[in-house]
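Protein chains in written order, with the working numbering: chain H, 1 to 259; chain W, 1 to 259.
Because the hints were derived from the structure by calculation, they are not lab data. Be aware that a few hints might be false.
Stated by the list, open to error - Covered by chain W, per the in silico footprint, the following chain H stretches (three or more residues, Cβ under 8 angstroms):
hint : region
1    : 18-26
2    : 59-73
Said to hold, decoys possible - Cross-link-like lysine to aspartate or glutamate pairs, in silico, EDC-like; alpha carbons within 16 angstroms at most:
hint : chain 1 : residue 1 : chain 2 : residue 2
3    : W       : Lys230    : W       : Glu191
4    : W       : Lys245    : H       : Glu250
5    : W       : Lys245    : W       : Glu191
6    : W       : Lys245    : H       : Glu67
7    : W       : Lys211    : W       : Glu198
8    : W       : Lys230    : W       : Glu198
Glycine included, every Cβ here is placed at the ideal spot set by N, Cα and C.
Read off the chains here:
Number of protein chains: 2
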Amino acid sequence: MLERIRVVLVGTSHPGNIGGAARAMKNMGLSRLVLVAPEDFPSSDAVARASGATDILDAAQVVETLEDALVGCTLVVGTSARDRRIPWPMLDPRECGVASCEQAAAGGEVALVFGREYAGLTNEELQRCQYHVHIPSDPDFSSLNLAAAVQVLSYEVRMAWLAAQQLPTKVAKLETTAMLNTQLATADELESFYGHLERALVAIGFLDPEKPRHLMSRLRRLYGRSDLSKLEMNILRGILTETEKAARGEHHKRGETDV
Amino acid sequence: MLERIRVVLVGTSHPGNIGGAARAMKNMGLSRLVLVAPEDFPSSDAVARASGATDILDAAQVVETLEDALVGCTLVVGTSARDRRIPWPMLDPRECGVASCEQAAAGGEVALVFGREYAGLTNEELQRCQYHVHIPSDPDFSSLNLAAAVQVLSYEVRMAWLAAQQLPTKVAKLETTAMLNTQLATADELESFYGHLERALVAIGFLDPEKPRHLMSRLRRLYGRSDLSKLEMNILRGILTETEKAARGEHHKRGETDV
Numbered sequence: 001m002l003e004r005i006r007v008v009l010v011g012t013s014h015p016g017n018i019g020g021a022a023r024a025m026k027n028m029g030l031s032r033l034v035l036v037a038p039e040d041f042p043s044s045d046a047v048a049r050a051s052g053a054t055d056i057l058d059a060a061q062v063v064e065t066l067e068d069a070l071v072g073c074t075l076v077v078g079t080s081a082r083d084r085r086i087p088w089p090m091l092d093p094r095e096c097g098v099a100s101c102e103q104a105a106a107g108g109e110v111a112l113v114f115g116r117e118y119a120g121l122t123n124e125e126l127q128r129c130q131y132h133v134h135i136p137s138d139p140d141f142s143s144l145n146l147a148a149a150v151q152v153l154s155y156e157v158r159m160a161w162l163a164a165q166q167l168p169t170k171v172a173k174l175e176t177t178a179m180l181n182t183q184l185a186t187a188d189e190l191e192s193f194y195g196h197l198e199r200a201l202v203a204i205g206f207l208d209p210e211k212p213r214h215l216m217s218r219l220r221r222l223y224g225r226s227d228l229s230k231l232e233m234n235i236l237r238g239i240l241t242e243t244e245k246a247a248r249g250e251h252h253k254r255g256e257t258d259v
Numbered sequence: 001m002l003e004r005i006r007v008v009l010v011g012t013s014h015p016g017n018i019g020g021a022a023r024a025m026k027n028m029g030l031s032r033l034v035l036v037a038p039e040d041f042p043s044s045d046a047v048a049r050a051s052g053a054t055d056i057l058d059a060a061q062v063v064e065t066l067e068d069a070l071v072g073c074t075l076v077v078g079t080s081a082r083d084r085r086i087p088w089p090m091l092d093p094r095e096c097g098v099a100s101c102e103q104a105a106a107g108g109e110v111a112l113v114f115g116r117e118y119a120g121l122t123n124e125e126l127q128r129c130q131y132h133v134h135i136p137s138d139p140d141f142s143s144l145n146l147a148a149a150v151q152v153l154s155y156e157v158r159m160a161w162l163a164a165q166q167l168p169t170k171v172a173k174l175e176t177t178a179m180l181n182t183q184l185a186t187a188d189e190l191e192s193f194y195g196h197l198e199r200a201l202v203a204i205g206f207l208d209p210e211k212p213r214h215l216m217s218r219l220r221r222l223y224g225r226s227d228l229s230k231l232e233m234n235i236l237r238g239i240l241t242e243t244e245k246a247a248r249g250e251h252h253k254r255g256e257t258d259v
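Please model the complete structure; the sequences and the hints are all you need to start from.
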């Protein structure tokens, strides 16, 4: 089950941190590492800090964009500093561990996304995440080492995983979730949907591409927390397709012919 | 209160780990570091890995024996691998965080004791601890990096400290939820929305009033579980209004006039 929880490191500068993250993951039973545009990888520094977790480094997937890293994911959680301009559904690390295990137990695919050492994730990247997680830290010295942040979240995943294994009462709930979740839309499907939604809103004149304001991020926040199933996504895509036709006047013309 | 919880590192080989431990402590609001017979300290490697937590390194107390490090302590917890010949009262990291905060809040002095990178604590050293704490890890790859272990226990101390202060760990989440919830759409507003949605879907030809099937109930289920805020509802209503205009050809005609 833990193999369905991937750690995604975006734009990592120091290969030592990649190695440290791999070691932290392996200690906690996680195995799947995805690197988005790492500055220096593979690297002997990564191997040194991995301290034996080289199998995770060897199997790490290197991709160009965050979008590529999230293909197939049904739950995407991004690490974030506390203060962000756009409020977003937040988890603390413990809730993140529980949510990740529940999703993975239900057959979903989970991504825990970590940003650059100094700059974190961009707002655009954060908006690709359904939830943000903040590791509580001293406000006067709040920036954790990247591998340390991976350690904390991986530790909470393991604590939740152990608890789920020891509490048979939870199984029924997980199975129910499984029934619902087997059909959850994936992160890449969600992205296509957002693209389609944006085009349709421009077509009907609701979204001005010159002044987009916060419209798309608000809609992302709404649909991102709704656990869209594949069926629901197909319905919404169908509505958008017909809306675009209406905006092109196709529906209107057909109406005229009918009358 | 947190100043009464000290981190004790015994016989550390690599000064980088001392720096990493100092950073992890400072991130979590701990400040008191005691080093028992470190192999190499002070060291530029420690300063580099401390990444700004040099005040903790500067104030670190260096002593010769564990006994010296534990002077004045009322609670001593030692990190331990799972299997030990002598059974001992065990805490998991979460219990360790709670016990440490309770003891410090009661005016006691707490020591969290970490052993050597490769050999851990000796049996004699472990017997100087009232409790042992084991960080749950994969039995096949169980040895955490020293700074990562300090990170996990310090994180649990902070979680317990925040809980004890009744400062929720999820301030941002509560604030976000509060912002959204004070403005939640009401049941009657939802009903108006569903009515509007249905009319718009008929207008664009996506919903056939003669054969409605399960479409509206599926959409009700989707939006019903999404906790729509008033703001989000206004956005969706705005989209529907523009969609209806497009279906009537108004947007299309306006487009033609513009051209």
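Hints versus structure:
For the region 18-26 of chain H, the assignment as covered by chain W holds, since 4 residues bring a beta-carbon within under 8 angstroms of that chain's beta-carbons and 3 suffice. Residues of the region 59-73 of chain H with a Cβ under 8 angstroms from some Cβ of chain W number 0, which does not satisfy the need for three, so the listed coverage is violated. Of the pairs offered as hints, the one joining lysine 230/W and glutamate 191/W holds, with about 13 angstroms between alpha carbons and a cut-off of 16 angstroms not exceeded. For the hint linking lysine 245/W to glutamate 250/H, the alpha-carbon distance of about 13 angstroms falls within 16 angstroms, and the restraint holds.
Restraint check for lysine 245/W and glutamate 191/W: the C-alpha separation of about 21 angstroms exceeds 16 angstroms, so the hint is violated. At roughly 35 angstroms between alpha-carbon atoms, lysine 245/W and glutamate 67/H are farther apart than 16 angstroms, so this suggested pair is violated. This hinted pair checks out: lysine 211/W and glutamate 198/W have alpha carbons roughly 13 angstroms apart, not beyond 16 angstroms. Only pairs whose Cα atoms come within 16 angstroms are accepted, and lysine 230/W paired with glutamate 198/W is rejected, the gap being roughly 19 angstroms.
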